[in-house]
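Colleague: Here's the letter readout for the chains.
There are 4 protein chains.
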Amino acid sequence: MPQTPVHSAIVTAEGHLVDSQILKSIFDRVIERGGDFEVQRFDLGRTNDDFSTLTLKITANDEASLARLVEDLIPFGCRPTGEENALIRAVDLDGCAPEDFYSTTNQRTQVRVNGHWTDVARQRMDAAIVITDAGAVCRKLRELRVGDRVVCGLEGLRITPEFRDRERSDFSFMSNEVSSERRVEASVARIAKTMRDTRTRGEKIVFVAGPAVIHTGGVQYFSELIKNGYVNVLLAGNALAAHDVEFSLFGTSLGVDLEAGTPVPGGHRHHMRAINAINRAGSIRKAVESGAVANGIMAECVRADVEYVLAGSIRDDGPIVDTIRDIVIAQDRYSAALASAGMVIILSTMLHGIGVGNMLPAWVPVVCVDINPAVVTKLADRGSSQTVGLVTDVGLFLHQLVRQLS
Amino acid sequence: MPQTPVHSAIVTAEGHLVDSQILKSIFDRVIERGGDFEVQRFDLGRTNDDFSTLTLKITANDEASLARLVEDLIPFGCRPTGEENALIRAVDLDGCAPEDFYSTTNQRTQVRVNGHWTDVARQRMDAAIVITDAGAVCRKLRELRVGDRVVCGLEGLRITPEFRDRERSDFSFMSNEVSSERRVEASVARIAKTMRDTRTRGEKIVFVAGPAVIHTGGVQYFSELIKNGYVNVLLAGNALAAHDVEFSLFGTSLGVDLEAGTPVPGGHRHHMRAINAINRAGSIRKAVESGAVANGIMAECVRADVEYVLAGSIRDDGPIVDTIRDIVIAQDRYSAALASAGMVIILSTMLHGIGVGNMLPAWVPVVCVDINPAVVTKLADRGSSQTVGLVTDVGLFLHQLVRQLS
Amino acid sequence: MPQTPVHSAIVTAEGHLVDSQILKSIFDRVIERGGDFEVQRFDLGRTNDDFSTLTLKITANDEASLARLVEDLIPFGCRPTGEENALIRAVDLDGCAPEDFYSTTNQRTQVRVNGHWTDVARQRMDAAIVITDAGAVCRKLRELRVGDRVVCGLEGLRITPEFRDRERSDFSFMSNEVSSERRVEASVARIAKTMRDTRTRGEKIVFVAGPAVIHTGGVQYFSELIKNGYVNVLLAGNALAAHDVEFSLFGTSLGVDLEAGTPVPGGHRHHMRAINAINRAGSIRKAVESGAVANGIMAECVRADVEYVLAGSIRDDGPIVDTIRDIVIAQDRYSAALASAGMVIILSTMLHGIGVGNMLPAWVPVVCVDINPAVVTKLADRGSSQTVGLVTDVGLFLHQLVRQLS
Amino acid sequence: MPQTPVHSAIVTAEGHLVDSQILKSIFDRVIERGGDFEVQRFDLGRTNDDFSTLTLKITANDEASLARLVEDLIPFGCRPTGEENALIRAVDLDGCAPEDFYSTTNQRTQVRVNGHWTDVARQRMDAAIVITDAGAVCRKLRELRVGDRVVCGLEGLRITPEFRDRERSDFSFMSNEVSSERRVEASVARIAKTMRDTRTRGEKIVFVAGPAVIHTGGVQYFSELIKNGYVNVLLAGNALAAHDVEFSLFGTSLGVDLEAGTPVPGGHRHHMRAINAINRAGSIRKAVESGAVANGIMAECVRADVEYVLAGSIRDDGPIVDTIRDIVIAQDRYSAALASAGMVIILSTMLHGIGVGNMLPAWVPVVCVDINPAVVTKLADRGSSQTVGLVTDVGLFLHQLVRQLS
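Residue numbers (my numbering), protein chains in the order written: chain A, 1 to 406; chain B, 1 to 406; chain C, 1 to 406; chain D, 1 to 406.
If you are wondering where the hints come from, they were derived from the structure by calculation, not from laboratory data. Computed from a predicted structure; not experimentally measured. The beta-carbon is built from N, C-alpha and C at its ideal position, and this holds for glycine as well. Take these hints with a grain of salt, some might be off.
[What the hints assert, rightly or not] Have a look at the derived ranges for each label pair, beta carbon to beta carbon:
(1) Q40/C - W117/B: 29 to 39 Å
(2) K227/D - G34/A: 35 to 45 Å
(3) R41/A - T55/D: 14 to 24 Å
(4) D133/B - D92/D: 45 to 55 Å
Construct the complete structure from the given sequences, taking the supplied hints into account.
Modeller: Pasting the structure below:
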């Protein structure tokens with residue numbers, strides 16, 4: 001393998017490199033990008049508990065390709081030997097980063113400033129890293145202000161990919177393939193266990209829910225989850241609240257009588273009347289407190305003081321006054337509500353599910369339940385090993401979940 | 001509307017023409033085919049119970065178009081005024097019909113022979129009508145023998161489309177659209193009621209089931225349905241039996257431990273060992289009677305004397321000796337088992353479901369359950385108003401069904 | 001609404017009642033709601049061009065049921081005999097309607113004020129009707145202001161359901177079932193013809209497009225549509241613009257090289273850099289005019305002065321400065337852009353597609369193209385006969401469309 | 001299998017262990033099954049061309065678990081150190097194997113007989129290995145005869161998993177995830193290249209096709225592929241032939257006029273008339289040679305002497321006399337036709353696609369094209385790295401393929 005010293009670099013990585021497919025991914029990237037590699041040293045962890053360490057020499061045709069290649073290996077935990085500080089540039093325009101800003105992944109990240117490695121706070125994907133007096137922190141582009149010190153380039157960065165821990169819990173073993181041909185009852189048992197463990201650890205269980213929860217008959221079961229303390233935060237949109245209140249006021253969901261399974265007279269107008277009723281009351285909370293809305297998911301949230309955030313979208317009717325019309329504010333509210341989440345369960349909503357996935361660090365376990373395998377695949381693909389997908393009927397899933405939690 | 005007497009015809013129809021969309025369909029066909037119509041007389045039933053009657057003059061550009069147009073209206077119950085006997089030709093080659101043979105629909109059909117209208121027996125779609133001494137009967141092309149007298153052309157035929165009866169039962173009201181956003185528990189209640197009614201009437205409940213019944217954890221629930229007398233016939237393929245026996249012998253389905261939800265060591269070989277075990281015993285019945293297979297769907301069928309027919313396919317492993325390798329024989333066995341079916345429930349199998357749909361007359365109610373909406377749509381499209389589609393998880397559906405039947 | 005002590009009412013309707021399934025729907029509703037009907041007079045149009053007229057007596061168990069039943073028949077064009085003026089109430093709270101406000105459908109509507117029937121302007125579904133000095137107009141609940149005069153109850157309203165016109169155009173004949181087993185090339189030919197006709201009539205062709213247009217390789221073809229004048233308005237979200245600019249700057253879409261079909265080094269950061277580049281420029285228009293973005297869909301829109309509206313959503317990265325963050329403003333902008341639409345084509349976006357469907361009157365033809373049949377079904381279900389669904393690959397569809405339009 | 005009293009064993013493996021995820025899979029299995037491992041030696045290939053070698057000590061709680069664990073590692077190429085001959089037992093019952101027979105995978109396999117390692121011929125999954133005078137060969141259970149010498153247990157077996165060769169060809173780089181959001185034109189380019197290469201090497205290109213090829217307008221394009229010599233074998237079912245002949249005779253497919261996209265009068269009878277026409281002629285070949293069937297896929301196959309095999313199924317109409325009614329014979333004919341396949345392309349048929357997948361060794365590249373992602377996922381999951389899945393419209397795909405091949 002002929003090569004010049006100019007176009008090669010030495011990178012190192014350590015961790016459960018084999019188990020987590022990281023080693024394979026590193027090799028793949030090098031070859032895919034037209035580079036070459038030579039393993040200078042590889043110590044495979046002798047047992048399941050030991051880390052492996054790798055020293056790899058990579059070669060590319062020119063300087064620019066080599067730089068891009070090194071950049072591309074960073075998400076896998078590789079870092080150039082010979083430690084340098086991160087390159088920091090000041091923001092020159094509100095809401096914009098320098099052109100070569102480092103855009104984050106959702107993996108644990110450290111940055112080297114003044115010779116010291118610092119953890120990056122509020123880890124999420126697609127953010128810039130800002131160095132403040134209090135340390136390093138992820139910021140969205142729109143939050144940048146002139147003078148903010150932003151990490152640029154690829155030096156002085158360490159990523160720690162989430163290792164798939166074989167023995168950590170039942171949970172991680174579920175994360176295989178997306179299939180509708182599964183015994184859901186077995187999966188529900190594991191999810192129930194993870195929920196109990198999360199509660200025991202004092203961490204928040206966050207639900208992200210679409211209106212199919214109502215349509216498929218899940219109101220009763222979801223209400224029980226709230227009463228039993230298994231819902232700490234509810235992230236949703238206008239439609240969930242509108243149809244929940246519609247069901248409470250009229251017994252219908254999108255005009256369909258959920259007991260009889262058939263449309264009722266004038267039912268197509270029910271959701272607009274439900275929205276009007278809440279807006280007349282002034283808010284969901286006031287409508288519940290006044291007795292106008294006596295039961296349902298939103299009423300139980302109000303009574304149990306469960307935080308709920310309703311994000312607006314282009315397809316909203318109304319919207320209900322509680323719905324946040326500005327999506328930037330909605331994102332900030334979602335993000336704040338997810339701050340100490342120990343577990344996230346997404347029920348039948350690709351829109352809000354992807355929104356939440358964008359905000360979460362890689363180490364929070366996520367369960368995604370949808371009858372459409374394409375939605376489950378899309379949500380599971382984004383994340384890392386922590387996402388479990390379940391292709392099943394959401395109403396029947398909630399029924400099972402309540403049974404197995406009680 | 002200029003027209004010549006030569007290219008027009010008068011047809012009549014009667015029944016619930018409006019409710020069942022038949023009137024609309026008749027008009028649509030005439031216009032689509034480039035013809036014209038003039039309503040000569042239309043008596044709309046005054047109440048929900050009364051029939052409507054229609055006399056319609058249709059016009060086309062030439063004789064051939066007019067003949068094709070009349071032919072095309074026959075499935076909607078239209079018949080030319082001026083009653084003629086059916087044209088009958090003798091078969092001249094075994095297994096083949098005359099070129100202009102009348103190919104049946106699955107609707108109730110009468111044929112006029114020697115001035116008398118006779119009901120056609122064993123109604124099914126895509127068959128020829130043979131006039132025998134015992135009357136008129138549907139025969140598949142392959143069953144035709146030289147000398148058989150086959151109905152040809154379009155004269156002397158009366159079709160009675162199945163009218164959608166609004167008040168007949170809860171069942172017919174479910175037959176609307178295919179959607180995954182439904183409260184399945186409400187639909188299960190109706191299906192359970194129809195099953196009880198069918199049993200009370202002494203008619204057979206026929207299940208058509210694919211291997212997803214096993215994969216999704218349905219064995220226990222389906223076994224209970226058998227024990228409680230709700231399964232009279234089971235139509236399936238090699239895979240259902242193979243995975244059922246695999247689950248009985250090894251606790252796995254396609255190598256996945258259904259309790260733990262994870263693959264077990266060597267599990268990919270389990271289904272071949274299950275097949276080998278049955279074939280060594282000589283048959284499923286012998287394997288059950290010898291105690292080699294102690295439980296599961298096939299064992300319960302043997303014990304409860306439920307008729308089962310396993311049809312072979314190109315993707316079969318083995319096959320199990322009970323599996324019928326010749327698909328013509330398998331079709332005949334399926335067809336015989338369906339002879340007095342009062343209700344058919346198709347669980348997660350497009351292949352066998354379509355096979356069964358081809359054999360059924362239009363008046364047998366069919367329930368189709370699948371998590372894939374495309375399968376439900378495809379099966380529901382073929383039939384008439386009697387097919388109810390349910391997009392849901394089959395394992396959880398069976399759980400619900402057992403609960404609501406007990 | 002005159003009626004006898006036995007709770008019955010007379011309603012009348014006229015139009016292509018049979019062809020458009022309206023008659024059937026009327027009967028269905030009456031029976032479903034537990035009422036009875038008696039046809040007092042029915043004149044079936046003699047030919048395809050003639051209207052039918054119906055006089056129907058309906059009966060219910062009590063006054064309230066009868067009122068609901070009459071309400072429920074209004075969308076089918078039924079109106080109580082004996083014409084009364086509409087009931088009008090004043091708004092007492094900004095953004096809220098009186099409790100019994102009439103919530104609109106998307107069908108042509110007339111309202112009777114001071115003895116005169118007036119057309120309702122800006123027809124859309126889920127709105128209130130406000131009587132102003134300039135006439136009657138649809139208003140969203142949030143647009144209502146104290147003192148506005150809103151139509152309440154069900155008196156004095158006439159709906160004219162869109163009749164499915166068999167001979168109007170090729171277009172209406174496509175609107176049958178949703179299926180992936182179709183010859184798309186034949187459908188594209190009809191869509192191309194409808195586009196040409198729309199342009200000839202001087203009406204706007206509006207595209208609603210999701211980012212899959214970019215991922216599936218549609219940029220080149222969509223750009224040609226713009227250059228050739230077949231795109232008058234583009235309604236989309238942040239992602240379409242971000243990935244279009246990413247493709248223009250880096251040749252990738254979501255980091256995938258569209259020529260090679262494989263991910264490129266650092267590609268996951270490209271969309272953030274694209275967003276940053278636009279935001280630094282100040283807007284898409286400025287980025288194009290400065291030459292920073294040289295080609296792609298957004299660049300062609302800027303050059304051809306095609307109006308584009310980007311609606312924000314909870315899952316947006318960035319967002320781009322052009323993206324409208326407030327969904328109420330975005331809805332108003334969408335709605336204004338749709339004002340004189342002659343045809344709408346929705347490409348791979350359920351979110352924006354449903355948003356647009358909510359705003360459109362029933363008579364604007366809509367084409368919905370998506371590879372996911374569930375999306376096509378959902379969009380086609382909402383509308384009336386004017387929606388054509390096509391289950392196919394969007395990139396290849398656009399390629400075909402360009403070929404057939406040139 | 002030497003081991004210490006604490007139930008441990010030493011196994012070795014070599015190959016591209018990291019790239020192909022084999023190392024990870026080995027570790028996963030050990031831990032999943034409750035065992036432990038200790039890496040005694042691991043030599044990572046220094047460059048992309050070098051093999052890696054592994055010596056691993058595995059430990060389990062008892063003898064039986066250890067044996068199952070070793071068995072479970074065999075498919076990954078692990079073999080116990082200390083070479084023993086394979087255990088061979090004689091068949092005692094026609095059509096059945098000894099209970100502990102070794103059931104094959106589709107990977108390259110060697111067996112040790114009399115101290116010599118021999119390649120196993122006719123490799124396929126789910127077979128028994130029979131030792132004959134001519135060597136070792138895969139046999140289906142049903143082919144076993146009394147006295148046949150069958151490999152049992154797990155000793156004396158070597159599996160060589162297919163290594164994913166990064167640089168072998170463009171083909172292997174496509175085999176990533178199943179998604180409908182792809183630029184199909186780029187994938188078609190690669191498939192076309194692989195087809196040309198296969199032809200150049202003198203290997204067979206085998207198509208497996210369902211009737212959607214006809215429905216989606218693919219007849220013209222598929223016919224061109226045949227004429228241009230890109231189809232060596234066609235594996236299909238009754239429906240493909242029936243609808244192809246229907247299209248040739250009547251211009252319809254399932255009664256739909258493919259030019260107009262609408263149903264034609266009496267069209268539902270066309271496919272039965274097509275079947276009757278062939279059966280009267282005596283065979284597809286005779287119908288083509290007599291001129292009764294002038295064009296279409298089957299006619300081009302006859303003219304170009306392309307081998308075709310039609311396998312029967314429970315849902316067949318007719319069937320056509322060419323259709324093989326016995327599925328065991330059909331499997332044997334399919335299997336023989338696949339004998340020297342260099343490439344297999346599956347178009348819109350899960351049934352026949354799975355059948356073919358069961359028969360193929362792991363090293364034959366397979367392309368699976370279907371608009372339903374569930375079908376693509378199911379077919380791609382079965383195989384190894386050689387399966388490429390494409391979610392797209394089959395008719396438009398064939399159009400593109402013809403363009404890029406010419």
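Colleague: Honestly, do R41/A and T55/D meet the 14 to 24 Å range at C-beta?
Modeller: holds (19 Å)
Colleague: Take a look at whether the Cβ-Cβ distance between Q40/C and W117/B falls inside 29 to 39 Å.
Modeller: Given range 29 to 39 Å: holds, Cβ gap about 35 Å.
Colleague: Range first: 35 to 45 Å. Now tell me if the beta carbons of K227/D and G34/A are that far apart.
Modeller: holds (39 Å)
Colleague: Within 45 to 55 Å or not, the Cβ separation of D133/B and D92/D?
Modeller: Check passed, 54 Å falls within 45 to 55 Å.
Every hint from the earlier list agrees with this structure, and none is contradicted.
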